[in-house]
Structure formats: structure tokens, C-alpha cells
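Chemist: Sequence:
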Amino acid sequence: MNPPLKRVRVVLLTQAIGPLDYRLPDGMNAKPGCVVMVPLGPRKLPGVIWDEDIFGDDPVDAKKLRNVLELVECPPIGKGLRRLVDWVADYYLTQHSAVLRMVLASSAAFTTSGTITEYRRTGLEPARLTPQRAAALDALEGAQGLVRELAAEAGVSDNIIRGLIKAGAFEPVTISVDTPFPEALPDFAAPQLNAAQQTAADAMTSAVREGSFTTFVLDGVTGSGKTETYFEAVAEALRQKKQILVLLPEIALTQPFLKRFEERFGVEPATWHSNMRSTQRRRVWRAIADGSAKVLVGARSALFLPFANPGLIIVDEAHETSFKQEDGVRYHARDVAVMRGRFERFPVVLASATPALESRHMVAIGRYKGLEIPSRFGAAKMPEIKAIDLTVDAPERQHWIAPTLLKALEERLDRGEQSLLFLNRRGYAPLTLCRTCGHRFQCPNCTSWMVEHRLVRRLACHHCGHVMPPPEECPECGEADTLVACGPGVERISDEVNRLLPEARTIVATSDTLWSPEKAAEFVARVESKAVDIIIGTQLVTKGYHFPELTLVGVIDADLGLEGGDLRAAERTFQQIAQAAGRAGRGEKPGEVFIQTRNPNHPVIAALVAGDRDAFYDAETEQRKSAGAPPFGRFAAIIISSEDEREAIEAARAIGAAAPRTDGMYIYGPAPAPLAMLRGRYRQRLLVHAQRSVEMQAIIREWLGGIQFPRSVRVGVDVDPYSFL
617 MNPPLKRVRV VLLTQAIGPL DYRLPDGMNA KPGCVVMVPL GPRKLPGVIW DEDIFGDDPV
677 DAKKLRNVLE LVECPPIGKG LRRLVDWVAD YYLTQHSAVL RMVLASSAAF TTSGTITEYR
737 RTGLEPARLT PQRAAALDAL EGAQGLVREL AAEAGVSDNI IRGLIKAGAF EPVTISVDTP
797 FPEALPDFAA PQLNAAQQTA ADAMTSAVRE GSFTTFVLDG VTGSGKTETY FEAVAEALRQ
857 KKQILVLLPE IALTQPFLKR FEERFGVEPA TWHSNMRSTQ RRRVWRAIAD GSAKVLVGAR
917 SALFLPFANP GLIIVDEAHE TSFKQEDGVR YHARDVAVMR GRFERFPVVL ASATPALESR
977 HMVAIGRYKG LEIPSRFGAA KMPEIKAIDL TVDAPERQHW IAPTLLKALE ERLDRGEQSL
1037 LFLNRRGYAP LTLCRTCGHR FQCPNCTSWM VEHRLVRRLA CHHCGHVMPP PEECPECGEA
1097 DTLVACGPGV ERISDEVNRL LPEARTIVAT SDTLWSPEKA AEFVARVESK AVDIIIGTQL
1157 VTKGYHFPEL TLVGVIDADL GLEGGDLRAA ERTFQQIAQA AGRAGRGEKP GEVFIQTRNP
1217 NHPVIAALVA GDRDAFYDAE TEQRKSAGAP PFGRFAAIII SSEDEREAIE AARAIGAAAP
1277 RTDGMYIYGP APAPLAMLRG RYRQRLLVHA QRSVEMQAII REWLGGIQFP RSVRVGVDVD
1337 PYSFL
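Counted from 1, the sequence shown has number 1128 at position 512 by the working numbering; the numbering is strictly sequential.
Worth flagging that the hints you see were computed from the coordinates, not collected in a lab. All figures in this text were calculated on a predicted structure; none of them were measured in a lab. Errors might be hidden in some of the hints.
Said to hold, decoys possible - With a straight-line cut-off of 30 angstroms between C-alpha atoms, the simulated BS3-like cross-links for lysine-lysine are:
#1 Lys660 to Lys622
#2 Lys875 to Lys1135
#3 Lys875 to Lys1146
All chains should be modelled from the sequences, with the hints used to inform the complete structure.
Modeler: Below is the structure:
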């Protein structure tokens, strides 16, 4: 009698092909979630055994099955996380393999090696010092990593680094990828909470203790101590031997947060972000998978790591748009975090001083539980907010700081206090043109202007990363010294401050200057030691930072975010300015905020000045409801791109011509995307607007699945889009 066939369905880590059936050889015991190596043609590829009932297609003839080659020695992907992968693939209209690549985000999943070799500078210079070698040595002072990581950081080939190793300029360092993380102590430095904080903390700790799924919206004004409050839920999860994930929206917030965590729990937590070396990623991945790392602080991708025993997720600054992934799998980490808590039965906390309208709506209808901390902690008071009407109180020509704000800056300097000038625009100027012929510098790969960055003498595209030095002559008319910077960025505001207040010590704080946790830590140290008088920064410094001596915030151009037709423009502007204003007066000294605007009667500005957040949200909610916009309706963008413009247009027209007719669903387009070219690809868009009762994903899946496209055409779907470019 023949033994029963042990057929398994495997999701491979390649998007070129869907799930495939294989046979388990005799003696190999594997179940759903196990990581395996399987044959595909002549190749050997990794994959994960999946549940049989998920894909719903007919099984392959048993005679055609090939054997699984080996069972990889790593913890299997748990059922809850597999259900999350299913949900993300279904909801965001992507492939299982694309989501699974985020779960198996480290080579640690496929190796059991406990050590790895990195390299660092020895201080010796090789006898033969070529320009490339010299540049690499300068760039890698203090650096450590694998050969390919050092080469990438220095911008040279791997062979250059190998040559320097052979010449003795670098030495090997053996790193253990299995070194355990120190254990956080739940009662190391328990704080004294006020009544509102304690009420919120009790609700969260009870849910952790019970192991029940609840989504909390922790809504506390800036400076109210939300972090200290949700740390109590973290402490309870540690007592329950559970794992905790804290998601932060920006890498630059990591270092200040780690310091606060260490002060509360005695040790730093594990971290996960794109700036980590591969050895660090391997160590964290394995410690999360085997359950030895109890607390992880990370960027949005940490959400897909295979936690062995998850018990709590905190999404800090949960309103932040950077939690929305804009390429690849276009997921929103806030919503995926909630679904992970639901599938694995543990609480999720969405913490923010300015919760997203969608989160507030979920509280209003009873899906989420609202927790409020209405006032600042201790003696700190909310700052006074005033509008400066730029049509009345105008700066001098080619200046951007109004006289009233300039006077306030001077007063803070005299008192030895600190100030923040906020402008959400990186670089020196958003547009450079020729004063002779009017030529505008545009990115060769995108339909966007090149932004001048004077600190590093370059023109840069903020969409594709293309950079070029500012030319001596206009490429259009050939005239020299005719280039003009138009409009302000933070670097230009910094120049203006240095001219008007030469005695002030300034610092520019953007993602260009605070590009790593180490740079952020250096920035914090300078501000805390009072080596800085005025910070000029983008939205990067409007959240997560606590500077007691900072008593003045000036918003340079409050109207900037209100321009254009973005669905969330008003809400996002309100959140950014409220968060920026919240940096003022966080200590015992009172704070003051000036908002420069040409439209002081705009509902966003009026609500900020009046301190009437609820009135703004109520009005915004009514507008969204009447328009059937989220959270009362659904949007999905279909983005078509190709290196050939005609090909992109024809593919978009084919999609438009095949559009289904469905009650409650409306399809607009195709039309060129506002950013009609991105990274050298021409782009067309369609917008789907549907009532919540419509099964939008199923309709789109069937609609697009029936159309054949050339291989050079890419068609992507962005469900719940945040960017309409």
C-alpha cells in the first residue's frame, strides 16, 4: 500500500511566480509556517509552507510534484502572522510573496551561523594610496561593517575595500549574532502619574494583563506625558513575559526615545530600522523570532517581524503620514498594527496629540477605546498661539521673518531662551531659475523642480534623489552668474537669521542633517547643553523632542500645506502646526507661538489660534462625510508607469475602457499623474471612489486581472492613498 502523499503549498520569496505545490519527502516533518528550500527550474529558492485553504485553486497533478529540498532551521512563521500576511495581500492588492519578504527580512532566517566577520579601520595607511583609497579611508573613519556595506557607504567598489584589508588598513572583527539583549526591568524607575495619566495607564495595563484585543487611542496634548503613561502598559507586558513593539515614524526619533526608555526600564531596547548593519539586523531578527528580545523599537517595517510571543504594540505619533508606505507594498502601519493585534489577540495603542480623523471616527462609533490626557504634566502650560497676518505685518523684500516674530526672537536671545522656526521645506530654495532667460532647473528623471541645497552645494530632486552641482552658466542661454533662488527653504531661513541676528547660534534640523540616530543624538545633546539658540527645522523636529528651555515657536509659512487639492491637506497642516507649537513651553517657562499666514481667517489657522481642536475636527468630519471621503468612503489609486510614454498612455486607456460599472463605485481617469514622470518612468493614474459597502478590492482584482500588459508596463494599486501625486 502506498503511503499518503504529503503535498504542501509553498509561497516563494519571488514575485515572479505565485504559490506552488511540492511534495514532502519521507522523513521530513514540516507544517504550515515552516521555512523551506525548494527547487524552481535549476534554481534553489527559499519559501514558506502555507495553509492549504487560502488560495482556492486546484491542486497540481501529484505526478508533477517535486520534492522540498530541505527544512530551514529557524522558528516557523506563526498562524497569527500568516493571517496578517493573508490580510495585507488581500486588502492592499499585492502578492503574498511581497509581504512575506518583509517577514523574512534578514538572512538570519536562512542561516544558523552564530558569528560573522566585519571590518574596521586600523589607523594604518597603505603604501599605495590611490584617490579612491584615500576617499574611502576618509569616508569610513569610525565605521564598521561587512565589505559590501563599507563599499556602499564610501561609494567605492568592493575590490577597493578588499585591497585596503589586504594592505592592513582594515582589520577583521568577529561579531556574534546571537549575543542576548539585556532584560528590561518593569519596576526600575516607576514614575508618579497624575490622575488622568493613571486612568489611561490602568485601562491599558488591564488589557495587557487579560491578553485581550483592544485598540486604544491615547489622545493627550503635547507635553502631557503620553510616553510615561503607555510605558506602564509596556511594564505590565514585561511582567507577563510578553514581547512589545513600539513603532516610531522617523529614524531620527529613535535615539531620544531610547534614552527615555533606558531611564524608565534600566536598559536600551532592541531597535529595527533601515540604517542598521546586516549583522545587527540578523541579531535582532533571531532574538525576536526566538522570543529572547522582549522590547523592540522600530520603523514601520518592524511590524512584520516574527515575534514569538507578542503582547502589545504601541504606535507613537500614530497620525504621522510616514507610517504609510508609498512604494512596494503600499500599506499603512497604523492599520496593519491594529490587524496584527486582532489576529494575535493583544492590545494596540495609537498615541498622538493630534489623532488622525480616521482614528477619532473609530472611537466615535465604538470600535476603538478613547483615552484622554487633557493637560500638560506638572507645572507646564499650553503655549499662547497668535497669528501674524503677512498682508499687514510683512517682512522686508526677499525676507521671510515678519517684524513681530523677529522681535520675539530677539527677546528670547536676550533672556537666554531657545526658539524654533518651523518650515516644512528642505534645502535652500525650492526653485532655481535663470534671471536672463527664465530657464527653470527640472529633474531629468521626474517632473519636479531641482531644490537648491546650499550647505552641500548641490541641486537635488526630492523624489528620485538625483543630484547635480549648480552650474556656473545657464544651460539654456549660456549666461554666467544669472541663477536665482526663488522662495525659502530652511537653509535660506537660517541665512536670514544669521544676517539679522549674527550673535545667535543656529542649527538646521532636517532629514538631510539628522539622517541617523547618532546625528539625532548629537543634535539633542547640543540643544540640551544650550549650545543652540535657534533651531530652524522641518516636521522632523515637531514631534518627540522635549526641550524645556524652548519657549518660542515661529511657523514661517502656515499656508504652504494648504495649497493644492490634497484630501488631507487641512488635517495634515493642522497636525503639523499643532505639533510644532507643542514644542514651546514644555518646561516651567511659558511658551509663545507665532503663525505667519496670508489668510488668518482660514478654518485651520483660526482653530489653532482659538485652541479649538474639536471644532476643527468636527467641521473636517462633516466635509469628509458630505464628500463620501475616508473614513466614510473609500479611495484607491491605480498607477500605470512605463519608460515609454505612449505605452503608459495605451495601458491606462485599456484599463479605463475595461472599467466595471458598479453601483456605489466611481472611476475617474485615466489622466497623467500630477508627478507625470518619476525616476525616468511616465505615469498615468485612475482614481476609484467607492462607498464603504462596495467590495472594492474584489472588483479591482477581477478588473485588472482580465487585462494583459506589456512586460515593460507596471500597474500598481494604492488602497487608501495618502499621496495623490
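Chemist: Hint by hint, say whether it matches the structure.
Modeler: Consistency of the hints with the structure:
1. Lys660 to Lys622: holds, 20 angstroms
2. Lys875 to Lys1135: Since the Cα atoms of Lys875 and Lys1135 sit roughly 14 angstroms apart, the hinted pair holds (cutoff 30 angstroms).
3. Lys875 to Lys1146: holds, 18 angstroms
The structure meets every hint from the earlier list without exception.
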